[in-house]
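Trainee: Residues per chain are reported as follows:
Protein chains: 2
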Amino acid sequence: MAKKRVYLFHEGDKSMRDLLGGKGANLAEMTNIGLPVPPGFTITTEVCNEYYAAGQKLPEGLMDEVRAALTHVENAIGKKFGDPSNPLLVSVRSGAKFSMPGMMDTVLNLGLNHDTVEGLIRISNNPRFVYDSYRRFIMMLSDVAYSGQYDLLSKHDFEHIFRDFKASLGVTGDLEVDADGMKKLCEIYLDHFKKQTGKEFPQDVFVQLEDAITAVFRSWNNERAIVYRRREKISDDIGTAVNVQSMVFGNMGDDCGTGVAFTRNPATGEKHIFGEYLMNAQGEDVVAGVRTPIPINELAARNPEIYKEFDQVCRTLENHYKDVQDIEFTIEHNKLYILQCRAGKRTGQAAVKIAVDMVNEGLITKEEAVARVDPNLLTQCLLPVIAPGAKYRVLAKGLPAGPGAATGIAVFTATRAAELGKGGAGQKVILVRADTSPDDLKGMLAAQGVLTERGGMTSHAALVARGFGIPTVAGCSEIQVGPDHFVVRATGQIIREGDYISLNGTLGEVIEGEVPVQEASLSGEFGEFLSWADTFRGAFGVRANADTPKDTRIAIELGAEGIGLCRTEHMFFEGERRPVVQRMILAQTPEERQAALDELLVFQREDFKGIFEALEGRPATIRLIDPPLHEFLPKREELIAEVATLKAQGGSDPEKEALLRAVESMHEINPMMGLRGCRLSIVFPEIVEMQTRAIMEGASAVVKAGGKATPEIMIPLVGHVNELRVLRERLEATARKVEEEQGVKIDYSFGTMIEVPRGALTADEIATEAAFFSFGTNDLTQMTFGFSRDDSDKFLKPYIEQKILPGDPFESIDQAGVGQLMQIAVEKAKKVRPDIKLGICGEHGGEPRSIEFCYRIGLNYVSCSPFRVPIARLAAAQAALGKGVSDK
Amino acid sequence: MAKKRVYLFHEGDKSMRDLLGGKGANLAEMTNIGLPVPPGFTITTEVCNEYYAAGQKLPEGLMDEVRAALTHVENAIGKKFGDPSNPLLVSVRSGAKFSMPGMMDTVLNLGLNHDTVEGLIRISNNPRFVYDSYRRFIMMLSDVAYSGQYDLLSKHDFEHIFRDFKASLGVTGDLEVDADGMKKLCEIYLDHFKKQTGKEFPQDVFVQLEDAITAVFRSWNNERAIVYRRREKISDDIGTAVNVQSMVFGNMGDDCGTGVAFTRNPATGEKHIFGEYLMNAQGEDVVAGVRTPIPINELAARNPEIYKEFDQVCRTLENHYKDVQDIEFTIEHNKLYILQCRAGKRTGQAAVKIAVDMVNEGLITKEEAVARVDPNLLTQCLLPVIAPGAKYRVLAKGLPAGPGAATGIAVFTATRAAELGKGGAGQKVILVRADTSPDDLKGMLAAQGVLTERGGMTSHAALVARGFGIPTVAGCSEIQVGPDHFVVRATGQIIREGDYISLNGTLGEVIEGEVPVQEASLSGEFGEFLSWADTFRGAFGVRANADTPKDTRIAIELGAEGIGLCRTEHMFFEGERRPVVQRMILAQTPEERQAALDELLVFQREDFKGIFEALEGRPATIRLIDPPLHEFLPKREELIAEVATLKAQGGSDPEKEALLRAVESMHEINPMMGLRGCRLSIVFPEIVEMQTRAIMEGASAVVKAGGKATPEIMIPLVGHVNELRVLRERLEATARKVEEEQGVKIDYSFGTMIEVPRGALTADEIATEAAFFSFGTNDLTQMTFGFSRDDSDKFLKPYIEQKILPGDPFESIDQAGVGQLMQIAVEKAKKVRPDIKLGICGEHGGEPRSIEFCYRIGLNYVSCSPFRVPIARLAAAQAALGKGVSDK
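One line per chain: the protein sequences are A and B, in this order. Residues in the first sequence are numbered from 30 upward in steps of one, following our numbering. Residues in the second sequence are numbered from 30 upward in steps of one, following our numbering.
Hints are computed from structural coordinates only; laboratory data are not their basis. Among the hints, erroneous ones may be present.
Each pair may be met inside one copy or between any two copies, as identical chains are not told apart.
[As the list claims (entries may be wrong)] The calculated lysine-lysine pairs, modelled on DSBU-like cross-linking and capped at a C-alpha distance of 30 angstroms, are:
id	residue 1	residue 2
1	32	224
2	374	857
3	426	374
4	733	212
5	43	86
6	823	664
7	860	832
8	685	823
9	774	733
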């Protein structure tokens with residue numbers, strides 16, 4: 030017996046998201062709780078998988094089930110699909126388990142043909158509306174179902190034809206085209222279709238329906254959907270459902286309209302209905318940002334009854350779902366219909382405020398509040414702002430679509446943004462567009478900020494902006510955007526590609542030139558929310574990676590409980606120190622070397638003193654020098670070229686040549702696996718002896734001043750217990766000597782980083798010499814995969830695109846491989862030293878999925894960059910609550 | 030109750046090697062089986078460890094035990110230690126569990142002082158002998174016990190004084206110095222000692238004894254002993270025993286003598302007593318090679334009774350030990366004494382012949398024969414010979430001390446040899462010395478061959494030569510060696526450092542210039558021996574790494590059962606192919622690339638055809654391209670310098686600049702972990718598709734000609750199952766296509782190398798896609814340790830010296846780390862695919878300890894370079910017999 034492939038709305042409920050998709054499940058749920066949902070049905074996500082498994086063919090018999098369901102809909106609504114006397118029109122929409130707004134295809138007004146158009150004109154007595162609907166339908170079905178196969182059938186092509194047509198009429202606005210014009214346009218569209226395809230536009234409504242369903246399934250694997258899923262870590266295997274729903278019309282006249290609203294403000298979290306609508310329009314007009322819509326509160330004034338009904342729907346839905354809802358509605362001849370509801374995407378600020386408010390309203394528990402907020406969203410709560418007191422000139426104002434400040438050079442295409450921005454050349458760019466479409470996603474993600482001329486707070490640009498935390502100013506009609514520049518309308522000032530501009534997405538300001546941008550800190554509600562999280566995560570700690578007193582203070586402000594990684598070599602790179610470091614490396618005699626080390630000791634002692642002071646007694650894991658020494662010297666290639674040039678010019682520079690020789694003698698083929706970490710310290714023990722002395726003297730100074738210092742001295746890159754033993758013995762002698770000299774006791778300990786596979790595999794041996802382990806998962810990932818992070822771009826990108834790897838292992842811990850080594854290490858280490866302190870200090874320490882993994886395998890803490898500390902606190906709490914990423 | 034620290038000879042036996050050392054245990058055994066051993070006792074190896082544990086102090090009470098034992102010896106021999114009327118003299122010698130010839134210190138004639146000298150003269154009536162013995166003793170004790178503390182007390186210094194003294198007398202030979210001269214020399218030595226130390230030479234015989242015992246223990250850790258142990262993989266912890274034995278004198282007159290002999294020929298294995306002796310001499314004169322001794326068969330003529338007695342001793346010992354013995358003997362006034370016996374060091378040829386002969390003689394079983402021969406010795410059976418038919422000029426002839434041919438530049442100090450030779454600059458050098466001493470060991474090991482002017486077949490040079498398989502000509506009195514040259518006496522021709530010479534160590538020839546040297550093959554006895562080994566190793570296979578038909582044929586001749594690793598990229602480096610490969614890499618269009626690939630296809634098809642023909646149906650594991658493509662391009666640094674030079678000269682070379690740009694774009698920071706192996710194949714599938722086609726077409730040609738071909742196509746560097754899946758699917762399609770085109774079925778399979786830690790960790794997943802695994806332990810070692818083999822010298826050497834690592838993990842598998850990963854992989858793979866074929870193709874595949882490990886964890890075969898195949902066959906048999914390295 031075959032599985033049921035088609036569900037009428039009243040046959041489903043909200044628990045069936047896997048099968049019906051989010052939209053389908055919610056339409057079912059809303060239908061069952063009595064909301065005014067136009068009748069329809071859902072084709073399951075399983076059919077999508079069947080479609081792909083069969084080589085992109087709809088399963089046999091599916092259309093029979095669809096016809097049967099359609100008959101139910103016809104009966105419910107009293108109209109008949111394809112019947113000229115009373116035609117039923119339907120929308121065909123995608124709907125996966127997880128919302129992928131705008132990424133897949135939709136067809137509206139399906140069911141129109143020569144005959145039904147005539148019938149609908151008779152019934153509606155509104156030929157302009159009917160022809161407008163028809164031309165939209167021709168365009169949509171062509172774009173969605175046929176443009177992949179034939180040229181010039183994309184939406185863009187039809188809009189081009191429309192523009193030319195309007196020009197031929199001497200008009201610019203759509204509404205200036207009357208019924209005859211629209212009729213004519215439909216004929217032009219149909220001719221164009223025939224010219225491109227050699228066939229008539231399908232008149233059989235079932236052919237239309239089948240082609241539309243097929244197109245929606247096909248759109249599951251279009252490029253932008255794939256990009257979106259990759260970014261959002263949505264599996265490619267879950268498929269999309271298809272929702273077929275009877276059409277209601279917001280564009281049948283001035284008593285019609287359509288809109289989108291959130292039950293609370295998705296940018297700030299404030300408790301008021303937030304949204305926009307357009308009268309006499311179809312939904313896509315709002316979403317696409319072609320016309321600038323009206324704030325929804327004006328509906329209250331213009332049509333209080335509808336508004337009241339809508340407000341009631343909002344309350345019902347929020348109480349029902351216990352979460353903010355994002356609702357699409359249509360008003361047809363003053364009757365309200367709800368077309369869709371889903372959990373509302375929101376900014377980090379809003380997510381936190383809403384969670385806290387709902388706890389205070391008694392709607393949800395603190396535990397639910399903490400479990401609900403996506404930790405990654407919290408970055409937005411710490412979004413950059415323009416430095417207070419900075420002077421700047423506002424060029425124009427638009428809608429505050431994505432909060433935060435951004436600065437960069439203007440670019441005018443998504444491609445250019447992707448080339449120059451993050452992931453490309455790494456420049457800071459602001460993407461400027463007339464409006465954005467899903468095709469622009471890649472470019473938006475590469476930009477620091479986005480500026481659009483058109484579109485409202487729920488336009489595509491605004492949704493993406495808030496979803497991904499991109500500072501964005503939308504609907505900025507004070508500028509006019511061209512293909513490679515924009516003009517500030519008021520002044521005529523022209524900004525071209527390469528010119529610096531800045532945005533204040535929180536206020537909607539477009540600013541001239543570069544402005545100083547500054548990170549934000551914890552607000553009251555945010556702090557309260559995180560303190561709840563802290564109670565749930567219990568003993569599972571969060572530390573920060575910090576190398577300076579300043580970073581340490583920021584980290585503590587953001588809730589860090591200590592330093593998990595202090596990279597001592599970072600101190601070597603700073604201005605006046607580098608020449609001293611170079612002198613130390615290039616020293617010809619032990620005396621020269623010692624002299625340089627003595628100078629460095631003074632610097633490092635002060636560094637550590639400052640860090641211990643900032644920590645106020647919290648522990649600091651301080652890693653002794655790790656990189657190969659040649660990193661501190663001039664680049665070999667440059668020296669080769671310089672010396673060759675000098676020689677060719679008949680000159681010479683013995684000092685430079687000596688330097689080149691030194692650099693050559695230290696050159697390594699694979700520096701990642703060369704003379705660094707503890708290897709360096711075993712060959713040149715003087716450096717780490719100096720560092721240990723500096724740590725201990727810095728700590729002594731703090732203790733003598735009545736403070737507390739808890740250095741955890743970490744020896745990196747240990748693969749064999751003897752490496753650690755030899756160094757620990759040597760350095761512990763130094764530490765004890767300083768204690769004696771200074772006459773104080775310091776609460777110090779020695780441990781190691783586990784970052785070499787052999788270190789993990791022999792953790793039982795290594796643990797005998799280590800009071801703590803910190804997993805260095807960056808290097809551990811490099812060596813476990815054999816991926817040089819410096820070189821892996823060339824294959825890692827294709828690997829992820831071709832699904833050879835499920836994701837970037839440098840972003841989220843590869844649990845099957847690297848994670849397996851970590852588990853081996855944890856088990857072995859605890860066997861010989863049950864009280865060993867275990868942490869992680871790779872970049873994974875700030876990534877929610879990895880944090881959850883660390884919790885699960887029994888680490889004591891995670892450590893991450895200061896600005897990810899709030900994320901880690903939340904992710905840690907969710908892991909402890911059993912509500913981590915993998916539980917969702 | 031304290032442990033017994035001192036054993037009289039009759040208290041021990043041969044099973045007590047751990048406690049008494051090899052020499053002590055054998056002296057005890059010989060004493061107990063009634064051989065004429067001068068009485069004495071052994072201080073245990075445990076005392077050596079006590080000595081070091083106490084900070085280089087003899088344990089309290091030891092000397093009391095020594096005195097008690099000495100009393101027994103005095104009673105047995107009727108002499109008294111330190112008694113002028115009838116003085117007992119003793120030798121004090123080291124003796125560890127494993128023989129370390131010449132590496133530690135020895136003192137003879139101990140017990141001489143002003144008084145006993147007088148007494149001994151009265152008794153012996155041979156003042157010259159007594160003063161000769163006294164001067165030797167002063168020199169030895171000074172050298173051994175005090176030269177570390179004071180200047181100019183080394184043996185060398187005393188010999189210098191002796192030389193000057195002889196010059197002052199106008200004589201050159203030692204024997205020309207009469208009793209008065211020797212007496213005078215003793216006085217000069219004693220004065221010199223006092224001048225250097227400010228003290229008298231010790232006259233208290235117990236002080237002499239205690240200082241000598243201490244010196245022997247101290248010599249356990251002298252530099253050359255440490256070097257030797259490292260080379261021979263002898264643990265530093267086992268310590269040495271000290272043997273104190275009553276002296277017998279071979280230098281008391283013409284009815285006295287001393288010699289060293291093997292019960293069979295240690296160079297060829299032939300069954301005759303082989304050795305040398307000197308009349309009126311002490312043992313060190315023979316070993317040191319200062320005087321050239323007489324072949325032992327002459328003893329039969331000169332003193333048939335003694336010879337007969339000695340022959341009887343030889344038979345007794347061989348039957349008792351069931352092995353060839355290396356015997357030191359002394360004749361004192363026509364009475365034979367046996368001073369030492371130990372298993373005789375022998376060449377590989379001799380080891381094999383002796384083992385086979387002893388089986389035929391019924392002395393040992395085949396199993397014992399196979400278990401006994403050190404696999405590493407077999408390299409000598411395959412030592413290079415001078416290419417047959419090569420014309421060359423012999424400069425001089427000496428003793429054939431170490432078989433095999435060698436060619437290289439002459440160097441005249443061990444230091445220079447170490448600098449320039451293996452492990453240094455990697456040049457081929459021949460070390461030329463007047464004679465060699467243990468201090469020369471490092472230099473000898475770095476040389477291709479050794480040539481000495483003095484010394485016999487049992488001289489230090491000869492022992493080392495045979496022990497380490499170094500082609501050596503010793504005792505070549507036809508040349509005269511100076512500090513930086515040698516003169517061919519007959520012609521006056523001078524050879525200086527840097528001049529090429531060659532040696533035929535098998536014939537004792539010194540040859541002018543460079544001669545072509547060629548590898549040898551299996552001899553009859555060798556073949557028989559290995560066939561026994563093969564029966565014991567059963568199904569555990571041995572394959573070879575071979576990239577050409579020629580290497581394949583050699584490998585099969587040496588017993589390989591197939592190819593375990595054919596590196597296809599080696600074919601890319603050959604002369605005419607490299608430009609084609611470069612064209613392929615630098616191609617600007619797909620067409621250009623394909624054209625180059627088509628050319629390469631022709632080459633590779635022929636390569637594989639030839640290999641399959643040579644294999645005659647045996648399997649060949651063929652690894653698809655592995656190295657990064659930039660390895661085939663010119664060096665980046667050179668291009669940088671060239672382009673900079675051109676530019677500085679005002680010129681330019683657009684082609685070179687373009688090449689540099691291409692090379693730059695392909696440059697990698699850590700190429701070892703970059704775009705190579707399967708990563709390369711996923712990004713550029715064309716190359717491996719071509720290779721697969723070439724393999725399949727080559728195989729088809731062989732099959733069509735009535736032959737058989739079994740390609741095992743190996744995809745390298747797999748860390749994730751999807752890498753293998755994607756490539757296998759793609760390449761299997763190519764393989765099937767060729768089968769179709771050619772109309773033949775080929776018995777091909779696909780598998781992977783396990784060389785990335787993640788590959789081992791997820792072997793259960795990977796095994797689902799692989800018919801076989803081959804462990805690439807070179808790379809696996811690199812990544813498990815994070816050691817770049819190209820760069821690790823800088824820390825690996827200190828690591829081994831400082832005992833941080835027990836040995837070089839690139840030489841013998843690191844069983845605790847890398848081996849653990851292999852075990853994980855084997856277990857996981859067999860769980861999902863019990864019949865998976867498992868092998869190893871890293872260089873470890875030819876190393877006995879690693880082979881044993883591979884057998885233990887259940888691999889099906891090992892693969893190594895063709896010339897190590899016999900070693901692997903033997904090591905595999907020993908592993909299967911439970912007689913591997915770790916069982917010994």
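Trainee: All hints are to be evaluated individually against the structure, with a verdict given for each.
Mentor: Against the structure, the hints:
| no. | hint | in the structure |
| --- | --- | --- |
| 1 | 32 with 224 | neither (41 angstroms within a copy, 108 angstroms between copies) |
| 2 | 374 with 857 | neither (44 angstroms within a copy, 44 angstroms between copies) |
| 3 | 426 with 374 | within (24 angstroms within a copy, 93 angstroms between copies) |
| 4 | 733 with 212 | neither (90 angstroms within a copy, 72 angstroms between copies) |
| 5 | 43 with 86 | within (28 angstroms within a copy, 84 angstroms between copies) |
| 6 | 823 with 664 | both (23 angstroms within a copy, 21 angstroms between copies) |
| 7 | 860 with 832 | between (38 angstroms within a copy, 26 angstroms between copies) |
| 8 | 685 with 823 | between (34 angstroms within a copy, 24 angstroms between copies) |
| 9 | 774 with 733 | within (10 angstroms within a copy, 83 angstroms between copies) |
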